[in-house]
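In case you want the letters, here they are:
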Amino acid sequence: QVQLQESGPGLVKPSETLSLTCSVSGGSISEYFWSWIRQPPGKGLEWIAYIHYSGNTNYNPSLKSRVTISMDTSKNQFSLKLSSVTAADTAVYYCARGVLTDMDVWGKGTSVTVSS
Amino acid sequence: QSVLTQPPSVSGAPGQRVTISCTGSRSNIGTGQDVQWYQQFPGTAPKLLIYGDSDRPSGVPDRFSGSKSGTSASLAITGLQAEDEADYYCQSYDSTLSARVFGGGTKLTVL
Chain A
1 QVQLQESGPG
11 LVKPSETLSL
21 TCSVSGGSIS
31 EYFWSWIRQP
41 PGKGLEWIAY
51 IHYSGNTNYN
61 PSLKSRVTIS
71 MDTSKNQFSL
81 KLSSVTAADT
91 AVYYCARGVL
101 TDMDVWGKGT
111 SVTVSS
Chain V
1 QSVLTQPPSV
11 SGAPGQRVTI
21 SCTGSRSNIG
31 TGQDVQWYQQ
41 FPGTAPKLLI
51 YGDSDRPSGV
61 PDRFSGSKSG
71 TSASLAITGL
81 QAEDEADYYC
91 QSYDSTLSAR
101 VFGGGTKLTV
111 L
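Chains A and V, in that order, give the protein sequences.
Take the first sequence: its position 81, counting from 1, is numbered 81 in the working numbering, and each next residue is one higher.
Take the second sequence: its position 87, counting from 1, is numbered 87 in the working numbering, and each next residue is one higher.
Bound conformation, chain A alone (with noise of 0.2 Å):
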């Protein structure tokens, strides 16, 4: 049975990188899409970015100057880097496996504050 666990720090700085790595149990990272979706509190889900082993990436355009997402086969875990954050960036952060039209395994999420 695949898990995912989300780890990172809790609080960033505003202006500051949010770095969050997602480590995948239970099965091989070299196959299916790897995402991230994060969810502001009390508002809905937001697709972030998906990397696919073979190493193709596809981003949110609304994100997309400030996310860079990688994966290192060799520790079976994948990776975002979210530059620049400002409190609208707040929010619980997933990540997720799926193929290229859905999402079937989440982590439980981790939850993000920006603030000084």
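Simulated from the structure, these hints should not be mistaken for laboratory data.
Note that CB positions come from ideal geometry on N, CA and C, so glycine has one too.
Be careful, since some hints might not be right.
[As the list claims (entries may be wrong)] With a cut-off of at most 30 Å between alpha-carbon atoms, the simulated BS3-like pairs for lysine-lysine come out as follows:
(1) A/Lys-108 with V/Lys-107
(2) V/Lys-47 with A/Lys-43
(3) A/Lys-108 with A/Lys-81
(4) V/Lys-47 with A/Lys-75
[To be verified] Covered, in the sense of this in silico footprint (three residues per stretch, anywhere, with C-beta under 8 Å from a C-beta of chain A), are these stretches of chain V:
(5) 27-39
(6) 46-59
(7) 100-106
[Claimed, not checked] Covered stretches of chain A (chain V as the covering partner; in silico rule of three or more C-beta atoms under 8 Å from a C-beta of chain V):
(8) 58-70
(9) 74-85
Put chain V on the given structure of chain A with help from the hints.
Same frame as chain A, now just chain V:
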């Protein structure tokens, strides 16, 4: 404002049937892009409920069904149960944005 439009809330009594609509456009649902539905309880991660418009992952009760027509999709829940009270999100792919897109979510209340 979400690319996919859902009603903010729906409600129904136990045992009843409810539907949740998801309205898109010719750049997403209308181009035949698959529609997915996710169920989310407060404080927990979303769970894939329907994929490929109408397929259910293993373990999802057949009380949940999905359909699609034109630029819209629907999630139907029959035999409503108290445990179905949750937020529901539709999701597809938008070819103009080149991005996965979600609906704004619908809160289901079981009366």
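- Task: Mind checking the alpha carbons of V/Lys-47 and A/Lys-75 for me, to see if they're no more than 30 Å apart?
- Result: holds, 26 Å
- Going straight from one Cα to the other, do A/Lys-108 and A/Lys-81 come out at no more than 30 Å? Given pair A/Lys-108, A/Lys-81 holds - Cα atoms ~19 Å apart, limit 30 Å.
- Count the residues of the segment 100-106 of chain V with a beta-carbon closer than 8 Å to any beta-carbon of chain A: does the count reach three? Check passed, 6 qualifying residues.
- Establish whether the coverage given for the segment 46-59 of chain V by chain A is satisfied; the threshold is a Cβ-Cβ distance below 8 Å, and no fewer than three residues must meet it. It holds, with 6 qualifying residues against the three required.
- Item | Coverage of the segment 27-39 of chain V by chain A, judged on three or more residues with CB within 8 Å | Our answer is that it holds, as 4 residues pass the Cβ test (under 8 Å) against chain A, meeting three.
- Are A/Lys-108 and V/Lys-107 close enough, with their CA atoms no more than 30 Å apart? Holds - the C-alpha atoms of V/Lys-107 and A/Lys-108 are around 20 Å apart, at most 30 Å.
- Item | Within 8 Å of chain V's CB atoms, at least three CB atoms from the segment 58-70 of chain A: coverage verdict | holds (count 4)
- Item | Outcome, coverage hint (the segment 74-85 of chain A, chain V; C-beta under 8 Å; three residues) | violated (count 0)
- Hinted pair V/Lys-47 and A/Lys-43, Cα distance within 30 Å: Measuring from Cα to Cα gives roughly 17 Å; hence the hint holds.
In this structure, only the earlier hint numbered 9 is contradicted, and the remaining ones agree with it.
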